[in-house]
Amino acid sequence: MNVIEYTAYGNSDVIKSGQVDKPEPKENEILIKVDATTVNPMDMKLRTGVLQEQIPLTFPYIPGLDVAGTIEAVGDKVNRLKVGDVVFATTFGGTYADYVVIKEEQATKIPNNVSTDEAASLAVPLVTAYTFLVENGKVKAGEKVLIHGAAGGVGVVMVQLAKALGAYIIGTASGKGLELAKSYGADEVIDYKEQDFTTLVKDVDLVIDLAGGETQLKSFGVIKSGGLLLSAVMPPSEDLAKQHNITAKFISSGPGYHKLEFGTKLVEEGKIKPQIAQILDLKDAARAQDMVSVGGLNGKVVLKVGA
1 MNVIEYTAYG NSDVIKSGQV DKPEPKENEI LIKVDATTVN PMDMKLRTGV
51 LQEQIPLTFP YIPGLDVAGT IEAVGDKVNR LKVGDVVFAT TFGGTYADYV
101 VIKEEQATKI PNNVSTDEAA SLAVPLVTAY TFLVENGKVK AGEKVLIHGA
151 AGGVGVVMVQ LAKALGAYII GTASGKGLEL AKSYGADEVI DYKEQDFTTL
201 VKDVDLVIDL AGGETQLKSF GVIKSGGLLL SAVMPPSEDL AKQHNITAKF
251 ISSGPGYHKL EFGTKLVEEG KIKPQIAQIL DLKDAARAQD MVSVGGLNGK
301 VVLKVGA
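Quick note on numbering: the sequence shown equals residues 1 to 307 in UniProt numbering.
If a hint is listed, it holds; no wrong ones were tucked in.
In silico SDA-like cross-links for lysine to any residue, where the CA-CA straight-line distance does not exceed 20 Å: (1) Lys-265 <-> Asn-112; (2) Lys-109 <-> Val-74; (3) Lys-163 <-> Glu-135; (4) Lys-16 <-> Glu-5; (5) Lys-26 <-> Asp-98; (6) Lys-26 <-> Thr-70; (7) Lys-109 <-> Asp-85; (8) Lys-224 <-> Thr-198; (9) Lys-77 <-> Val-101; (10) Lys-26 <-> Asp-85; (11) Lys-33 <-> Lys-82; (12) Lys-271 <-> Thr-131; (13) Lys-109 <-> Glu-268; (14) Lys-218 <-> Leu-230; (15) Lys-176 <-> Gln-278; (16) Lys-271 <-> Asn-113; (17) Lys-16 <-> Met-1; (18) Lys-140 <-> Leu-165; (19) Lys-33 <-> Asp-281; (20) Lys-271 <-> Val-114; (21) Lys-82 <-> Pro-25; (22) Lys-103 <-> Gly-93; (23) Lys-283 <-> Glu-5; (24) Lys-33 <-> Arg-80; (25) Lys-109 <-> Gly-84; (26) Lys-45 <-> Asn-11.
The set of hints was computed from the structure by calculation and includes no laboratory data.
Given these sequences and hints, build the entire structure.
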């Protein structure tokens with residue numbers, strides 16, 4: 001089967017096309033004929049080697065964290081899903097390919113009102129938003145939530161889920177992203193390029209940090225005592241958390257069909273909509289990763305497989 005793989009650590013020049021044998025599912029696994037995957041920031045972190053101490057890669061390595069496609073084969077102990085089901089899932093590696101094998105527990109059927117492109121674009125954001133807002137943030141109606149990066153691929157879904165949970169949402173973005181974040185439910189938007197959010201925001205219950213760096217450091221000062229900072233980007237300072245009497249955590253989002261099913265219901269109700277920045281062929285993966293690395297995109301870059 002055709003794959004896109006990393007041949008070494010490095011820039012996008014290490015992304016090459018290759019051929020490997022089609023995988024076969026074990027007893028609790030499903031084989032998916034991939035229709036679409038997307039580019040996620042983690043794809044580039046793995047490729048450049050910044051995480052090689054924590055997550056060493058063996059080359060050639062097939063990247064990809066999400067998938068939407070059709071089940072072509074199932075293992076003997078698979079009972080929730082069946083051949084022919086159109087599903088989506090998050091995983092860790094292997095989706096830049098014609099086929100991928102994953103555990104049944106990672107996948108669920110796509111929402112009945114979206115395409116496979118849209119489902120692929122929603123997989124990582126839905127799992128991330130559930131992990132941050134429901135599982136860890138335990139967001140309740142009326143709470144004030146500040147979302148940094150509110151117009152990105154994950155951010156727009158964070159905004160929509162927070163709105164569905166009844167939160168008051170402040171989102172940081174720039175350019176066209178300001179209007180986009182507002183259209184998806186942000187009650188206030190702040191242009192991070194023109195405005196200092198620390199002068200405009202105070203006493204928030206929860207900060208969702210999708211930016212890191214100085215933005216994260218400044219966020220400690222706008223959270224009320226007893227509040228919470230959750231980062232998807234970098235571990236927050238424990239010292240600053242103690243100084244401000246808040247809890248601050250770095251969170252990674254493991255897969256799980258229950259997280260997707262929570263979001264699927266909201267997608268089908270029209271409360272969460274996909275946001276796609278661009279659709280490219282899988283063979284253009286290097287260009288797609290460079291686009292995402294530059295930043296400023298509103299939504300996800302989808303890679304079509306077999307197009």
